[in-house]
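So the chains spell out like this:
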Amino acid sequence: MNKTWLRLAVCICGLLLSFTLPVWAEPVQEDPLDREVLEIAKDLRCTVCQNQPVAESNADLAKDMRQIIREQLVAGKTRAEIVDYFVARYGDYVLMKPPTERAGLLLWIIPPLLLITLALLSWVFLRQRSRTSPPPAAALSKQDQARVRAARQQQD
Amino acid sequence: MFLSGFEFNLVELGHFAAYLAFAVALVMALAPAAAHFFHRPELARVGVNASIAVFVLTTLGGLAMIHAFVTDNFSVQYVATNSNSKLPLFYKVSALWGGHEGSLYLWVWVLTLYTVVVGLHGRKHYPDRLPTILAVQGALMVGFFGLILFLSNPFLRLFPMPPDGRDLNPLLQDPGMVFHPPMLYLGYVGFSVPFAFAMAALITRWKSEYWIAHIRRWALIAWGFLTTGIILGGWWAYYELGWGGYWAWDPVENASFMPWLVGTALVHSITVQERRRMLHAWNIFLVITAFSLSLLGTFLVRSGVLSSVHAFAVDPGRGAYILAFMTVVLTVSFSIFLARGRYQEAEEGMTSMLSRESMFVWNNVVFTVAAACVLLGTLYPLALEALSGDKITVGAPYFNAVMVPIFLAALLLMAVAPLVPWRKANPERLRSRLLVPVALGLTAGVVMLVAAWPLHWTGPVAAALIAFVSGTIFTDYARAVRQRRVQHPGELLPRSLARTLLGNRRHYGGMIVHLGIIAIAIGLTGSGLFRLEKSVVMAPGEVVEIGGERLRFDGVRSFQRDNYFTVQGQFTLLDRGVVVLPERRRYPVQEMPTTESGIHTTIWRDVYVVIADPVGEGNQTKWGVHVYVNPLIQWIWGGGVIALFGLGVTLTSRRRTARDAVAATAAAS
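Order-wise, the sequence lines are chains F and L.
For the first sequence, my numbering begins at 9 and goes up steadily by one.
For the second sequence, my numbering begins at 22 and goes up steadily by one.
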């Protein structure tokens, strides 16, 4: 009788311990190739989606593109080569970040130019406004004078 | 559901009400002109009653639509397209703004709401200008009702009646999406009120001191709603879209962000006009721009131009109407501005280059450039495609590269400007006041640099500026409290703290808004620069480690709920014993999969789990799992709440200051 209880207890303990097994198990590692695919896919646009990178899209095309990236990585191509491969097929449209030459050039020049222009204009405006003498300050009304006096007395 | 004939056709009553509203809006728009033309001044007074009538009628129309949704009246085409008998009641109501037609109806409904509030409020405060203001609002309503009734009508019926509806877009079946559009529209349309005031001011040569306080208040209210709408949108994207982010610089998001940026410039520079009687014309320009950008946002989102310029060119209908309407509004308002703007002149000059008013000018430079850059990035691909046929993408990396430096510049101004007094700053005093905040900022920057090396240059700069701004705000407040305690010796500290804050609600309300923005900046920096992500394939029982968190996959369950099937993954955060339950849902009516991320939140970080596709078959099935650790992301939503609270504090200030002035005068005499 006692032995049965003991056996049962051991079994239960073993069962309980087995629940903790995963805690000791080696954690799952991310496939470094997967990570590389995703990092490249972040810079590419899923061309059938609205403004979504290939990395984040569930569209079939995005899955295919990720597969192509993977295959090319396995074939030993570099990141730049893979991006060029897609640009050759889809044009600049496939780049999430517009290029700094060709059609994308204006996008990168205009913001700093705009900032400089507006800043200069404001500077000129401020200078001009601070040179024109402000109209003379109106004399204090009797009420205001009384308030100033009251405030001074309070302070003393 | 079986409907009686009356209930079944109730929607026609709403349809009729909408037509009547259109007619009444037309009367409202023409009333002042008619009064002038026929020399019958009493005609102008119909405006207020008309605004009430048009609101009641539009509400009738809206309620009729909601009734049609709730009673599953699929004879209404819009209901059949955007609802389903199995859709939960909550979403049936919100499905009203789930599609094109209904969104536009909500737009105009909100417009009538604002108009009736202005009408009722204005009767007492600005009766002589009210007809013109209401006429501008009425003209806007006519424009939108025209679009709704003739090109985008939600009341149209369908024959034969389908047995069931095509269901609401599953992505929109989320609480965030229920409140996001109304808030956004309350913001967009809110800018129509300052716009109407500005037009009235130009047309009737209204003097600045009479309209400035009204425009300021309305602009702040619109800004608050727009802020709420944008933050709710980010929150929704974060919880619902399942890629761990909240803002993708999507054109639709940019559409709401542009009026926000200009609105932010406006609520700052309008203070200069109020306090120093300058920048009148510039403020009117900003008001017109803010509202125009709201219209542009509506155009971009509602015309379909974003998906493809060519699709738009083939079937322009609605888009062409909004574009034409926008052109008319812009042309008319800027013509009036150019013709009459010179009557709204500055009455004072700048005293010094280093003053609060000059700081506000720099603020305006920063926010105007920010808005212009977003506009550029949003419209450039469309213009390029239309003009040359070339297609390029302007995605998040571009906007981050351009906008982050601009935001950092805004933070720098935010740190310095509140310490600079009006008119003329004393450089020595300013330097001494900046000492502690600058030291704090530099320390924070260096600490960040050392602790998190290597990192992007924006990290330490953002940390330094965040600490700098907080240092400014708190030392400024501490100085004011100390001053008060000198004047009121023996006062309890909490009382001093509260009285100081409440004594200048406008200033401290603004500072609380700034603190909210700082909290948002902390959240953006944390989640933007230090996000961790892992994409793994897991079998039940396996554990993944990320950022010191250990997450165990316990398996999946599938079951059915109201109107969808779901596969729910179960994960346990081992160090906390917390379970997170990400889902993949499939809505059979639309055959559309959606993801519901499983999120465990603390104030320091979110663990964000998305369950992706199964790999393999049968017992050996493994699941693709994306895990993200987003540091400090909750600060973004929290910051939004703080900012809105601060805005509320600011908005309570007006009456009080007026009463105080009277009390002070009485005490002095």
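You may find that some hints are simply not true.
Said to hold, decoys possible - 27 Å max Cα-Cα, derived DSS-like pairs, lysine-lysine: (1) L/K555 - L/K445; (2) F/K85 - F/K50; (3) F/K71 - F/K50; (4) F/K50 - L/K412; (5) L/K145 - F/K85; (6) F/K71 - L/K445; (7) F/K71 - F/K85; (8) L/K555 - F/K71; (9) F/K50 - L/K228; (10) L/K145 - F/K71; (11) F/K85 - F/K105; (12) F/K105 - F/K71; (13) F/K50 - L/K145; (14) F/K150 - F/K105; (15) L/K643 - F/K105; (16) L/K412 - L/K555; (17) F/K105 - L/K555.
It should be emphasised that the hints constitute simulated quantities derived from the structure, not laboratory data.
Hints, verified against the model:
no., hint, verdict
1, L/K555 - L/K445, "54 Å, violated"
2, F/K85 - F/K50, "17 Å, holds"
3, F/K71 - F/K50, "13 Å, holds"
4, F/K50 - L/K412, "19 Å, holds"
5, L/K145 - F/K85, "75 Å, violated"
6, F/K71 - L/K445, "61 Å, violated"
7, F/K71 - F/K85, "19 Å, holds"
8, L/K555 - F/K71, "18 Å, holds"
9, F/K50 - L/K228, "54 Å, violated"
10, L/K145 - F/K71, "63 Å, violated"
11, F/K85 - F/K105, "21 Å, holds"
12, F/K105 - F/K71, "21 Å, holds"
13, F/K50 - L/K145, "58 Å, violated"
14, F/K150 - F/K105, "66 Å, violated"
15, L/K643 - F/K105, "35 Å, violated"
16, L/K412 - L/K555, "33 Å, violated"
17, F/K105 - L/K555, "23 Å, holds"
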